[in-house]
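Starting from the structure of chain E, add chains X and R where the hints point.
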Amino acid sequence: MSRPFKPSRIAQRKFFSGIGWIFALASFLLVSGPLVDILYTVFRKGMSAISLNLFTHVTNGISGGLLNAITGTLILVSGALVFAAPIGILAGVYLSEFGRSRYAKLVRFLDDVLTGVPSIVLGYFSYVTLVIGMGWQFSVLAGSITLAIMVVPYIARFTEIAFLQVPNSLREAGYALGFRELTVILRIALPLALPGILTGVLFAIAISLGETAPLIYTAGWSNFLWNGRLIHEPIGYLTYVIWSFINQPYRSAHALAFAAAFLIILMVLVINVGLSILLKRRRPVRPAQR
Amino acid sequence: MKLRPFRMALVLVTSLIPLALLAILVFLARYSWPALTFNGWHFLFGHTWSLGNLYADPVVRRGHLVPIGANYGILVFIVGTLLTSAIALIIAIPVSLGVAIFLAEGIGNHLRTVLSFLVELLAAVPSVVYGLWGYAVLTPLVARTIGPLLRSLFGFLPFFSGPIGSGYGLLAASIVLALMVVPIIAATVRDALAQVPSEMKEAAYALGATHFEVVRRAMLPMVRSNIIGACILGLGRALGETMAVLMVSGGALNYFPSNIYSPITTMASFIVSQLDSALQDPTGMAVRSLAEIALILFIISVITNIIARLLTGTPRNVSTI
Amino acid sequence: MLKTKSTHSLRAIVGASVLALSVTGMSAQTSAFARDLNIAETGSTLLYPLFNLWVPAYTHSHPQLRINTQGTGSGTGISEAISGVAQIGASDAYMSNMQVKQHPNVLNIPLAISAQTVNYNIPGLNKIHLKLSGPVLAGIYDNHIRYWDAPAIAKLNPGVHLPHHLITPIHRTDGSGDTFIFSQYLSFSTPAWNSRVGYGTTISWPAVPGGLGALGNPGMVQSAAQTRYSIAYIGVSFAKEVARAHLGTALLKNRAGRFLLPTKKTVEAAANQLVNKTPKDERISLVFAPGAQSYPIINYEYAIVNDHQANPQMAAALRDFLNWTVDLRGGNSRHFLRQVRFIALPARISALSRSQIAKIH
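Protein chains in written order, with this note's numbering: chain E, 1 to 290; chain X, 1001 to 1321; chain R, 2001 to 2361.
Among the clues, some could well be false.
Stated by the list, open to error - Result set (EDC-like, lysine to aspartate or glutamate): computed pairs, CA atoms no more than 16 angstroms apart in a straight line:
hint, chain 1, residue 1, chain 2, residue 2
1, R, 2359, R, 2281
2, E, 14, X, 1213
3, R, 2131, R, 2149
4, R, 2264, R, 2307
5, R, 2101, R, 2268
6, R, 2101, X, 1105
Keep in mind the hints are simulated off the structure, nothing from the lab.
Okay, chain E solo, but in the shape it has when bound (with noise of 0.2 angstroms):
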């Protein structure tokens, strides 16, 4: 005997699923709608600093251009990457091509617990045995360090990934050809890791253009371009006008505030874009399960 049908019952678990829909479209709308006001109201109150001056002046104290903080962003940026992306890329490649030893293993560990620690812990740091104990005062070399240890897990964990996913076959081939370890890795492996290093790369790029504490303690400030001392010498970055200009008595500095939070934004859109367009082109292999 068949069972009766209950429409009720159905009607109940349709209505309950419309909920379920409606609560995923609301928590998106709530959640992109903070991050459109953000961007209305960076661009709406650095509006008035915007033009071409930002480009070709330094900052004065409480107005001015903002040529000085982003030069001194992207040094700060590069310097952060001339150390962290041999380290990270030599690192990543040890974890994926050696990867099974315990000593990799706890690397790995160690280098995931390195990016949770508080970007305040590592400009402290920083402070105390770089700028003070070394003795370089604030400098590009003491802000380009802290910024590279806060990114260089982020390097190795793309690069390892990105290796990981070159198939075996290709390598077992060059090795069948007599290739040494290091020609499989550089000439065979590296070409097809590279758009996931460069992922990485990228990724800790957007990262430390955002970043405000580490260097705070490291870098310091200056109103002026930076003159190529790596230490004795502090540099302006355009995360140090967002913090302190927000708090000058005068409008100018308000908006060269948010002028600047605009064009960091902005810089880590394209990167971000670049991201999207660099991972969509990376064949959908997902890693192997540890």
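The following block gives chains X and R in isolation, referenced to the frame of chain E:
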């Protein structure tokens, strides 16, 4: 296996990473050691933080030279940190799940890339910009709209009743943290949902489930460990967040929040705001006590990371962090 | 070998960015580059607006000099001047005896005199000047006086209809010279506060439920403007912001018992009372000065400078600049000070400052 130079070079370079971590830990421990011995357990349970009288001559107490009246207790900041992170997660987890479900199952492929990108952009906004927006837009909004709304809806609970104040406080800080944590959880869960084998989905459909029921009862349980792991990662981010919280939290000192609108202070933001004052202490005990706070934060972040790894194994998703 | 398209695009990106950076570097005005003679100034947010007026004017006639200014807080100013990270530490507070003992070669040089206002945000009452005293403020900030219509406040303001509403006291979270002088006013006028809390650039504010901490003077203005029934202490160089936010300004009770606003007359009167008492190292508080016309919260704005500089050129540049700032025709002229509502140093004080400046080598 013979020792190969290439492999050795790799190992050496790779070791720089754990070395950096170790250096930070050792430095913090050594630098804060005098504070650790001076403060003892009282550090964690005292609710008064006082640098003492910096303009009078310091005295010797418990074997250390400290300013008169110096008393370092961080319970208020621990409470502030835990409350903001907890409330941020309470807001962020359901919202992130909703967003993830929406992105993974609710829309077509073409829309998915663009809208996912929008959500990931939330993670890309620097925290100081969140602070700026919070200061300019969110705190007045909390004071004028969100606060009164919550109070009218939940005012029967003591936590939601009482004075709303200026908008700077626990609620604003938690909202900002939630916005920063959502992309982490949402992106992870969205990717995990995308990996659920279609046989599970088809089986559920075959049993007569609606689309949403498929998601809720067939897919979500499969990715439970991913969800939990992502939540822990989000927690780690919330615990360490500094600048944004500093600008909207209201800087409470020496008292506990009485309701959700009350000003609070978190450990990370306290270090930033107190560093200049602490540098004024000629005995150095104040700075070392701040370093002790940093040490405790560091230990907490290590613990949350350990838990995250234990719960998720090691799948590392490329497009999420 | 296996050169992929991504390698090519990678090279293109790298090449383009290097090119872009060098073009930017080359096309920027050469005068915008940092030079060897860089003076770093950091510290008090109260002095920061004045420094930003001074620096363009002075470097206009001294183009080979570069002066970087930062508004970070008096505490940072002092510590960075001591550690040598900054050449000039701006501070509203002088160094403590212990700090002087540890760093005997650091000078505290007054550059100008500033004052502080106590402001409040009471709907309907912001246009009138309420009378407040040190003991009353101490009571508000340590939770003894909780409501605006408390008897202590009503007694000082007969005839004013005070609302029955909780007071929200706002203090500075960062290490601040404003906190220093405000807490000195409370300490000097109220023995109970002095023994329980004391004064400093940062103090352990007694727990007042709902009490707010704000960042910097602008944070004080913003928090007060956003919080009804609040009270805050704000540096006088932010008077324009206070007016724009429509906050009320209090009449403060001085040592002689009179209630005053900070005007040029009342600030100068207080400063003159203590000119002769100022010691050679110029570390003295001007708060709660005697005299019927003296405004109770004024202070010297200090430049904290290490008397031993990295090289003779730096020392000479610092001496020249600092001497210019205390000159009545230079930094201490009405033209600059009027914009921030500071007053000039009395003659004897600027002479003392100059003799300290001469020690920089």
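For each hint, the structure was consulted:
{"no.": "1", "hint": "R/2359 / R/2281", "verdict": "holds, 12 angstroms"}
{"no.": "2", "hint": "E/14 / X/1213", "verdict": "holds, 9 angstroms"}
{"no.": "3", "hint": "R/2131 / R/2149", "verdict": "holds, 13 angstroms"}
{"no.": "4", "hint": "R/2264 / R/2307", "verdict": "violated, 32 angstroms"}
{"no.": "5", "hint": "R/2101 / R/2268", "verdict": "violated, 32 angstroms"}
{"no.": "6", "hint": "R/2101 / X/1105", "verdict": "violated, 69 angstroms"}
In this structure, the hints that do not hold are numbers 4, 5 and 6, in rising order.
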